[in-house]
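J.: Single-letter residue listing:
Protein chains: 4
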Amino acid sequence: MTDTLSFRVRSSLHYCAYEPATVLFSVRCSETSSQHVVDEVITTSAEAERFDLLVGTEQNPFTRLNFPEPGDLDIQHEARVETHPRLVAKDSIPLRGVDTADAYEFPYLFPSRYVPTDLLRSVSQDLFGHLEGACAIAEAVEDWLFENVTYVSGVSSEGTSGADTLLSRAGVCRDFAHLGITFCRALNVPARYVTAYAYGLEPADFHAAFEVYADGIWYLFDGTRRAPLNGFLRIASGRDASEVPLAMLFGNVIGSDVRVDVSWEGGSETPFEPVTREALRDSGSVLLIA
Amino acid sequence: MTDTLSFRVRSSLHYCAYEPATVLFSVRCSETSSQHVVDEVITTSAEAERFDLLVGTEQNPFTRLNFPEPGDLDIQHEARVETHPRLVAKDSIPLRGVDTADAYEFPYLFPSRYVPTDLLRSVSQDLFGHLEGACAIAEAVEDWLFENVTYVSGVSSEGTSGADTLLSRAGVCRDFAHLGITFCRALNVPARYVTAYAYGLEPADFHAAFEVYADGIWYLFDGTRRAPLNGFLRIASGRDASEVPLAMLFGNVIGSDVRVDVSWEGGSETPFEPVTREALRDSGSVLLIA
Amino acid sequence: MTDTLSFRVRSSLHYCAYEPATVLFSVRCSETSSQHVVDEVITTSAEAERFDLLVGTEQNPFTRLNFPEPGDLDIQHEARVETHPRLVAKDSIPLRGVDTADAYEFPYLFPSRYVPTDLLRSVSQDLFGHLEGACAIAEAVEDWLFENVTYVSGVSSEGTSGADTLLSRAGVCRDFAHLGITFCRALNVPARYVTAYAYGLEPADFHAAFEVYADGIWYLFDGTRRAPLNGFLRIASGRDASEVPLAMLFGNVIGSDVRVDVSWEGGSETPFEPVTREALRDSGSVLLIA
Amino acid sequence: MTDTLSFRVRSSLHYCAYEPATVLFSVRCSETSSQHVVDEVITTSAEAERFDLLVGTEQNPFTRLNFPEPGDLDIQHEARVETHPRLVAKDSIPLRGVDTADAYEFPYLFPSRYVPTDLLRSVSQDLFGHLEGACAIAEAVEDWLFENVTYVSGVSSEGTSGADTLLSRAGVCRDFAHLGITFCRALNVPARYVTAYAYGLEPADFHAAFEVYADGIWYLFDGTRRAPLNGFLRIASGRDASEVPLAMLFGNVIGSDVRVDVSWEGGSETPFEPVTREALRDSGSVLLIA
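Protein chains in written order, with this note's numbering: chain A, 1 to 290; chain B, 1001 to 1290; chain C, 2001 to 2290; chain D, 3001 to 3290.
It is worth saying that the hints were derived from the structure and are not from the lab.
Glycine residues also receive a C-beta, built at the ideal position from the N, C-alpha and C atoms.
Do not take every clue at face value.
[As the list claims (entries may be wrong)] Partial selection, computed: residues in chain D whose CB lies under 7 Å from chain A:
hint: 1; residue: Leu3119
hint: 2; residue: Ser3122
hint: 3; residue: Ala3163
hint: 4; residue: Leu3167
hint: 5; residue: Arg3169
Using the sequences provided together with the hints, build the complete structure.
T.: Next up, the structure:
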C-alpha cells in the first residue's frame, strides 16, 4: 500500500449567468505529502477571467471565475493524480488528549456551522464515551453511521446539520460526514471534512468523508462505505462543508449538470486493490491519505 | 488620532473543575500593526499547566490551561496596551467587488455558524442593496442595528444566529455583531467578528463588534454604540464567535464570575477623546483599528 | 354580493400503497352558514374502506381511507357548491380586544406549529403596531405579504414556519398564510388558516389563505392575491396547516399527482364578478365568506 | 384503587402589569369522570375583572383576568379535589390501529408545535417499532425517557421541542412529555399532554406528563417518575403545551414567583398508597385517571 496509485479524474460544471457574475469553485485536486497532481487542465467554453487561489490553513485549491457578461459557461476539469495511501497499525497510534492539543488542532475541536457539538455531547457520550483514542472512536462512529443512517438523495439540503441527520437518519455523503464529525468533536477528537473524487463511487459524483487527527496525522473514515478508501483523491479539507463549497455563486448565476469521472491508470506493478473497512479492521489498521 | 493611546486592562475568570480538565480561553490582547501589548501577566490561584497559542489565520492569542486535579481556579489577566486607531476618509477607500477577492478574503464571504447569509440574502438586498462599497453598507447596517435591535441580556444564547436576532430584534453585543456580519456578507462584503476590551463600556465586560474589509484593510463597526470606537483593545478576530470563544471547556468544569476593568492611562499629550459614530459621520471618515 | 354563486369543483389524488395502509385526506367542501354543498361524490379506483369524519371545533370534513392491500388507488372528488360571500363595511365592525376574548377565540391567539408568535412580536409591533382593529391590521398584513414575499414553488417545505418565510421572503400560498397569521396573532388578533378551492387560480391547485376574527365573524385575506376573494370554496379551517392537512399518510404509502379543477356554474342573475382587494379597499369593505 | 382519594391544592401566581393588560391562566382543576372538584376558590389581591372559560375539545378550565390599570397582582387558587384513579389490566386493552381512528383521535395523531413527529419517524421506529399496542409502546417510551433523559432545569426553554430534547437528553417535565408524545404519535399512537398538580412532587411545582389513547380511554405515563401516578390532579389536556399554557400574557405584564402546594386529605379508609411504574409493571396494569 505504499505503492503509487495513479488516477485520471474529469469533471464538468455548467453555469448560466444572467448578469456579470463571479463563481468560486473547488474541483481541483490538492497537492499534499501523499498526493501529487501530475498535470491538471481547466478549460472554459467561453471567455471568463480565471484566478487560482490556495485558501486557508489547509491551502485548499479554489478557482475564481469572473463572467464578464451574461451567458452560458461550461467548465471542464481534467487531471492526472498520483496518491500514496498508507496503512497504519492502530496500536501504534499514541492516545493524545485535549490537554496536549496545539494551535493547529483547536479549530477542529470548535463547533462549526454544520457541526453543533454542543447539542450532541450527551448522545455522543452515551454512544461512544466508553471508547478511547481518536481512531477507535472514529471507527465506531463510522460503523454507527453505516448501520443507522440511510443513504438517500433529496431529504437533506444546504441547511442540514449533523444534529438534523441524527434525527432524520437519512442523507447523502455530506450529511454522513457532518454527523461523524459532530460525534468526534463532541468527544474531544479533532475532526475535519474532506471533499474528494472517489474511484468506484456509483453513480460517479463528488464525494465527502471525514478525518480524525491523532498525534499529528489525519486518518480517513467514510460512514457511507460507497467507495474504496484508497481510491480517494482529495480536493479540499475544512472544518465542514461551509469552508469547502464545491461552488459558491456571487450574483445572478445558476449552476447545473455536474459530471464526474474517475478512472484508475495503473502506476503500480500490482493492480489496484480496493481497501474496505472490513479489510482494515481485520488487519488492525487505519488508512492515512492526507 | 494617530497619537498613541495607552490603556490598562484587567480581567478575571473563575473555574471549578470536578475532574482533571482543560480550558482554552481567549482574554489576552492581540499584537497587531495598530496595537502593541507593552506587558501582560496571567496568574492563576492554583497549580495549572499553562500553554499559550496563536490560533489560525489571524493568529489569535489563546491560552490552554490544564487542571491537573479537581478544584477551584482563579485566572487573573492584566496588560498594558498601546493602540493607534486611525481615521480614514471614506471617499478615499476604493470600491472593490467580489471579482477581485483573494484567498484571504473568501472565508469572510462564506456563511458560518452564526452567520447564515443564505437565509438573509433577500432581506439584506431589500434593506441595503441600493448602497455601494463596504463602508457605506457597513455604516447603514450599523445604523439599522442601533435603531432596530434592543440591547437586552438573557434573551439570546450560545445558539443564537444572525437570523434569530433579525427575528427577535433583541440581544447582546455578540448578537448585534452576528447580524451585522450576516447582512454584510449577504451583500458580498467580507466581514468578521471581533472580541475586545472596550474602554467606557458600562457595565464593564468583554465586548464584541464587527469589521468589514475594503481594499486590504479592516474597518470597525459597532451596532450597540455602547463604547467609543477608539477605545477598543482587540482580543481576537474570526468569522464569528464560534472561532473566537472567550472560553471553551473540555471536561467537567464550570466557569463563572467574569470581571473586566479597562482604564485609560494617557500616553498622549492630548486627553483621550472618545470617537462616536456621529463624529465619524460628520467628518466623512471611518475608523481603522486593525 | 348576497347573491348565490354556484361552482363545480373536481379534484383527484393518486396513491400507491406498499402495504395495507391508511390515508386521511381533506378535499371535501365544508358545510357552513355561507356555503352549501349541493351534491358531492367521492369515487375510488379500487376497493378501499371509506369513512367520513367531521374533525374538531370547526367540524372539518375529512375522509379516512383504508387500503386493505398494496396497490395503486385513484381518488376522484366532485362536488357542486353554492356560496354566499358577503361584503361588510369596515367601519361597521366593532373594535374588540383580548380583554373580551372568549373560549372560542383563545386557541386562535395561541402560537401553533407554523405560527411562532413569540418569535415575531417585536417585528409585528414595528410593522403593524400602530394600527387598530382586526381588519385594518389584516389588510395591512395582506398588503405587506403581497409586496414583500415572492410566490415561488420549491423553496419551502413541510417544516417551513411563518418565521422562516419572514426571513426568506419567498414561498407558496401556505407560507403566505402562515406568516400572515403569525403577524396577526402576535398583535392579539385571532387568526386562522383556511384551505380552499379557488376559482380562477392559475395554475389550478388547492389554495390556502387566512382569516381574522372580529366580533364573532371571520374575514378572509389572501396575501398571494392570485384568485378572486369571492371565488373561494372552503375545505377546512384550523390554527395552521398542521390541523388541516390535505392528506396524512399512515404506513408505507406514497401520494402523487394532485389535480384540481374549479368552474363557475352561474346560479345568479348577474355574472360572477371577481372581487379584488383593490375593489374592497375602494368600497371600504371586507369580505366575509365563513 | 377505585376508592376515592381526596387532595387539597393551593397555588399562587404573581403578576406585575405596566399598563392595562390581560392574563389567561390555567390553574383550576378539570371536572372529569374520574375527578371531582368539591370546592374551588380564586382570590386576587387587587381589583381585576375575572372571567372563567372552558376551552376546546377537552373543555380545559382557563381564567381570563383583565388588569384595569398598572400594578401588582397576586392570584391565589385553592381547591379540594377528589379523584378515582383506576388500574386496568394491560391484556384487557384491545389493540386498535389507525384504520379505526375516529374524529376525536385524529388531532392527537397530527404533529403539533412541540411534537415534530415527521422528524422522528425513523428513530421512533428503530427504538419502539417492534412493539404493539398503545400501552406497550407508551410504557417502553416512558422507560426510555427515564433512563436516557436527565431532569435538569434551565437547559430548555419555551421553544424546546421533542426533537430538541431527543438531542439534548435533558429537560424538565414538559420536555419529557413532549418527547414521549412525539415518539408515540410517530408510531401512530394518539397521545396528548397533561398539566397537573402532583402529590409528592419535590420540589412542589406544576407538573406535566403524557397520556396515550387506547380504545376510547386515556392512560397516564410520566417519564420523569418524580411523583406517584395516582397522585395527579388534572388541570388541562391538549395536543402539547402550546394549547394548555399555565399562563399567557397579553400586554406589558410580567409574571413571577409561582408557588404550589398539594396535600392528601384522606377520604378513603386505607391510606393513600403511591402507585409507581414498577408496581404497575408487576401487576400487569396501567393507570387510568382521565
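J.: Does each hint hold? Answer for all of them.
T.: Here's how the hints hold up against the structure:
Contact between leucine 3119 of chain D and chain A, as hinted, is supported at the beta carbon level, the nearest pair being about 5 Å apart and thus within 7 Å. Here the hint on serine 3122 of chain D is kept, as its CB sits about 4 Å from the closest CB of chain A, short of 7 Å. For the restraint placing alanine 3163 of chain D at the interface with chain A, the shortest Cβ-Cβ distance is roughly 6 Å, inside the 7 Å limit, so the hint holds. With a least beta-carbon distance of about 5 Å to chain A, the hint placing leucine 3167 of chain D at the interface is held under the 7 Å criterion.
Hint status for arginine 3169 of chain D: holds, given a least beta-carbon distance of 4 Å to chain A, under 7 Å.
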